[in-house]
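Student: Since chain A is already given, all that's left is putting chains B, C and D on it; use the hints.
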Amino acid sequence: MDFSHTEERQMLADMVGRFVRDEYDIETRHANARSDDGFSRAHWSQLAELGLIGALFPESCGGFGGTGFDISVVFEQLGGGLVVEPFLANLLAGTALAASGTHSDVLDEVMAGNCLLAYAHGEPASRYSLSQVETVAQKSGSGYRLNGNKAVVISGDTANKLVVSARTAGGNDATDGISLFLVPADADGIHIRSYPTIDGYRAAEIALKDVEVPADSLIGVEGQAIALIEQVNAAGTLAVSAEALGAIDVGIEMTLDYLKTRKQFGVPIGKFQALQHRMADMMTEREQIRSALINAAGNLQSDQRDWHMSALKNLIGRAGRSIAEECIQMHGGIAMTFEYAVGHYAKRVVMIDHMFGDEDHHLQRIIKLGAIAATAAATA
Amino acid sequence: MDFSHTEERQMLADMVGRFVRDEYDIETRHANARSDDGFSRAHWSQLAELGLIGALFPESCGGFGGTGFDISVVFEQLGGGLVVEPFLANLLAGTALAASGTHSDVLDEVMAGNCLLAYAHGEPASRYSLSQVETVAQKSGSGYRLNGNKAVVISGDTANKLVVSARTAGGNDATDGISLFLVPADADGIHIRSYPTIDGYRAAEIALKDVEVPADSLIGVEGQAIALIEQVNAAGTLAVSAEALGAIDVGIEMTLDYLKTRKQFGVPIGKFQALQHRMADMMTEREQIRSALINAAGNLQSDQRDWHMSALKNLIGRAGRSIAEECIQMHGGIAMTFEYAVGHYAKRVVMIDHMFGDEDHHLQRIIKLGAIAATAAATA
Amino acid sequence: MDLNYTHEEQAFQLEVRQFLAEKLPPEISGKVKSKKRLTKQDSETWHAILNAAGYLNAHWLVEFGGRGWNAIQRDIFDVEANAAGAPRVVPFGLNMLAPVLMAFGSQEQQSYHLPRILDGTNWWCQGYSEPGAGSDLASLKMSAVRDGDEYVLNGQKTWTTLGQHANWIFCLVRTSREGKPQQGISFMLVDMDTPGVEVRPIILLEGTHEVNEVWFTDVRVPAENLVGEENKGWTYAKYLLVHERSGIAGVGDALASIEHLKQIAREQKKDGKPLAEDALFAARLAEIEIDLAAMRTTNMRIMQAASDGAPPGPEVSMLKIKGTVLRQSINDLTRRALGPYAMPFVSEALDIGYNEEPIGPDYANPVAADYFNHRKTSIYGGSNEIQRNIISKLMMGL
Amino acid sequence: MDLNYTHEEQAFQLEVRQFLAEKLPPEISGKVKSKKRLTKQDSETWHAILNAAGYLNAHWLVEFGGRGWNAIQRDIFDVEANAAGAPRVVPFGLNMLAPVLMAFGSQEQQSYHLPRILDGTNWWCQGYSEPGAGSDLASLKMSAVRDGDEYVLNGQKTWTTLGQHANWIFCLVRTSREGKPQQGISFMLVDMDTPGVEVRPIILLEGTHEVNEVWFTDVRVPAENLVGEENKGWTYAKYLLVHERSGIAGVGDALASIEHLKQIAREQKKDGKPLAEDALFAARLAEIEIDLAAMRTTNMRIMQAASDGAPPGPEVSMLKIKGTVLRQSINDLTRRALGPYAMPFVSEALDIGYNEEPIGPDYANPVAADYFNHRKTSIYGGSNEIQRNIISKLMMGL
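Residue numbers (the working numbering), protein chains in the order written: chain A, 5 to 384; chain B, 5 to 384; chain C, 747 to 1144; chain D, 747 to 1144.
One chain only, chain A, in its complex shape (with noise of 0.2 Å):
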């Protein structure tokens, strides 16, 4: 058992860090999400070039990571800059490709930063459940004929192509029968209706009318994805949780930076001990955010991996969330105002509650799993 990142790993961080740190500022940001497409093409191809996207796929697809930490790492230094280009999107039908082992080609192109990708799996009834799928697959001549919607799709309306999950077999919730499909974004018979997001992101509803799409756009096994999609749930999980402790080192940061600066009553307010206090146990929960983060990611693989990733969403919902507020508080009306950056670290934390299962929907899912091997923070 080993807490400290190798050497690479490291330096993949301080990459990432250092790029938010030195072009990635909250104006640039947010001229980046109010830009046409949403986020910087430029961002994003210069992020590809330094190897961002191939960190997140294992050798045997082409990259040269993969692994829970290398996630982690890469998403807490993006959460860190609120970095709005679709590096999240791209993780998850990226995902969906390396593990199935098909269209290998797509997922190079994607490295290299020449094709985005969505990943087109939530519908308007479907909540967070994994299986609950009624866009129907039906075979049509050699192929497929796709019909249904999908809901709140990250970065739906800038992708070129579609990671879609539809019901070839079975009832509306069951697992099996469910098959996912790669669609070019372009096809006939699809309506992409693009709006941006609370915390400033940008997602889309897509309709699916008769789309036909050929045989070999199936991903994996015909019927049996319901293992990718928790996989991809599980990644997507780590990463978001990441990009929230990423959001909130920097908003405790700015918080202590207020508390020492900003004065009341003729003295910095940090010198009120009710707010030391409260301050005292917002670092304490970040600790544990971060341990579950790590136990999370080193888990990302093991069979204890939905455990572990409910315990890290559920503390994000739960400690993550109260933790933002706070930030939001003890700054006072200046976090209130859009011009001031600790309220958008907070919005996009508390925001992250509503992606992939919010805490709740995991605390449940902990006590449906059961808990008493997984107590243990080894993985042996």
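Please note: incorrect hints may appear among the correct ones.
To be verified - With the C-beta cut set under 7 Å, the calculated list includes, among others, these residues of chain C facing chain D:
(1) A1022
(2) A1025
(3) L1026
Worth flagging that the hints you see were computed from the coordinates, not collected in a lab.
We treat Cβ as the ideally placed atom computed from N, Cα and C, and that holds for glycine.
Tutor: Positioned in the frame of chain A, the structure of chains B, C and D alone reads:
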């Protein structure tokens, strides 16, 4: 709508308060608790003469009170002294008699201080369920034969008569088929095992083995006791909650005094803002409890009774426990000692969570009852 | 103690319900219920309707044309109005300035300003906070220097709610730097059409324009616009803060918001069942309802004690804390109820006239924004930290 | 980062398990698991077994006969020992005094006292707190006045855990009243058989005798019992506090307590079903397990950083807070799990030899007492408030 006490009720409160203040200090209380009976018969007689038992029952039964506010006022003051005399047991058993309209001669003796009752309803497996009664009453001649076990019967060791629930029909958890009986505590076949509770009171496990009772020992209508039991339960919930508030008031008062006098680092610890702010939250929660007590007392006879009782008891278990723990924490080590009083108040508040259903039990009852109309404080 | 409504109270409740049913315009209550943005015109319309019915200033003292409503009446009106979807009345003139004028204003100020508050001629806003003086109001810097029959004002106010709609502002200004910081403060009424007054928007973190900076550059104000005595403004300011807090618990709004949340929870499905039936969600909701039922009584108790003669004391600080924390927890639970559809946010969809299909359920769009917006409530009007200080000092003597 | 055990760590875990299976006396682990009271003899027996196996001081530096266990090894031993029902080792000599002697004691003190700590000749207790000096330790008053080759001690210590069993006590005493309160403090070793030492029991709120007052009246202590330099005791005391906290998270105990709780929750029935299946109960339990899994890693991270060379810094304060709060929440949930049977308390039933039937389930009797007893953990060893002060000052610079 009116939130001030009538003059009579204020006098009642003042009278009990004066008794506690003048004659019932914490050493007296401990001495009473440690005595053979677990309470003082002299104090019991004295309080009976002051009319304290009569205040718990309506005029129609020979008392001069019996409303929710009578009960709450009396028990709030008793809680302020951690009074160990068996008011609760006699309220419970007496309410069963009063509400059924039977055995009024016995109730007269109770109010005169000449007869002690206890309420033997709970069983080893019933937890907080009101209908889970495994004790059976079989017809036997013109009377009944009782068999079963009763658990944690408050003041069950010193009672002259017991109000015993037993099943005359129906399955173990059926609401129908439960009857109440008035049984002499020294009847053949009754075995009483007395023990102290962690907070200084006395309870008993009571085994009934072939206990023969005559037909007129029945309280109310055979098989229809559940409504009586619910009424007793509501009165008990109200009483112990009021007691908890009385104990909380003393706990907060003692803690405030301590904060003003105890010095650390050269200043009274009450100057530390972290403690001030927690104390401010305790004050707020205390007022919330007081309001919930008023709501519950005012609804003891209304169709919103159960909602308000559960709201109150949930708050006692949630906010009350938290206040009790904070009273200890703010005192520090001294509150951990038997000699210092505040720990005893804290113990009582926490252990009241184990009577008539705890925080979670009542939260779940609120959910079952639904709450749309009930969020209104007004009964109209 | 008696929790039953008297006959008079029952009749009053009926009267209020009838008034709302007849007079509250459906297009306005529709906006309120669907959390659309209200226009200035909407606020003015409702203000005029309330005034015509004599409800606008019913809580004012009888000698100033009010009806002297007690705590129970105010609770009934608050709850009924919120349940019906009535907009919040803009409080700055009606509930904040007016009590100060009644207590400390000159007869001229009273007879000039009070009718104009009621008839809507003047829309007031509040000039208290400054960039360096938030919770520590006494450290304010904006200066007012006497020059003949006028004061010359220079400085900046901030967090001025709805300042973009207002034509008058009441300000705390510094008229002296002698003594303790509280001592040199005065209370001033300023016509915002006076040259040198400039209102600049502050955009909040969820993108709305609700508060403003107000800049004053050599603004000349007639000396008769000084309220009470020079350098005594701190006393008036504290008096105002107490009155500001008389509705601070926000019971009616919280009750209406809970009903809205329950409606959502019945419609949202989780694993095929209504979210309302989920054990954890139901438990969170039930705790809020328990707290709210208690707070409604706490509010009436404290307000009744005040209306019985005692001034509303530091106890209202408890209402501020509990009221905001509870309201925020309703916001939080509403956000959670939506699942992924809490994320989309189309700001234009909050305005009437937006005709596109909603993203997700029609109630979803404003929810997250509302959650973030309500974080302000534990900060403004004296942050909850300041309220705890007040309780510590005034209620507990710590 | 690697969460997998190395081969060495796996082997170590196996070794510890074997040792516990073979050497931990079942009558002792039985008492621990059923929460009976341990006798002094029980503690001494287990102490001797650990010593014979070389585990007692395995965390000591190698040069003093330890094995220099790292954070992972200490975690493994802690968790395994607790799971097996091993008693807590009395820490005062072994984990608190010993590190101070190794760092600051004379060679004579080291060679005299360290072996006697290991072989059980001396049972140490701690003389830090005084009635007026709890969290504010620097304000202590107990005096030590030099008189020839001796110091004469007068004063009172309190909260002395298991002082009734001890024959030696290490004390902070005041040797000077000059300068800041921290400056005149010295660290003294006292044989409790010396005339003038008197131990008086303090009974805790749940009725147990666990802590004591220790009174000193003209107690004459040889000057060679001074540790390090006169008036430098504050430095040694702080060093000790850091070492005291190395096991402060209490991971092993918490894990064992959770298993106990889960066993109870499977046996207790609520509405006919196991309590463990109740949605609210399960949620409360799951939150604790989530927090505990994270804390186990937090603990190892902080301890590993320390064992890699850096001294355990203020970060351990986070472990103290989180560890005690979590442990108390386990106690709280265990109490709730029992329903009405949390109320009965028969103190004698905690002693071996009590032969009557238990009241209610056999695990019920100690639970409420244990809940109340554990309230001490957030008070002693530097209250959680003091820990927050430390974090504020040393970690955050506030």
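Student: All hints, please: hold or fail.
Tutor: Against the structure, the hints come out as follows:
Because the smallest distance between the Cβ of A1022(C) and any Cβ of chain D comes to about 14 Å, over 7 Å, the interface hint for this residue is violated. Against a cut-off of 7 Å between C-beta atoms, the interface hint on A1025(C) holds, since the closest Cβ of chain D lies about 3 Å away. Given hint, L1026(C) at the interface with chain D, holds; its Cβ is 6 Å from that chain's nearest Cβ, closer than 7 Å.
Consistency note: the structure conflicts with earlier hint 1 alone.
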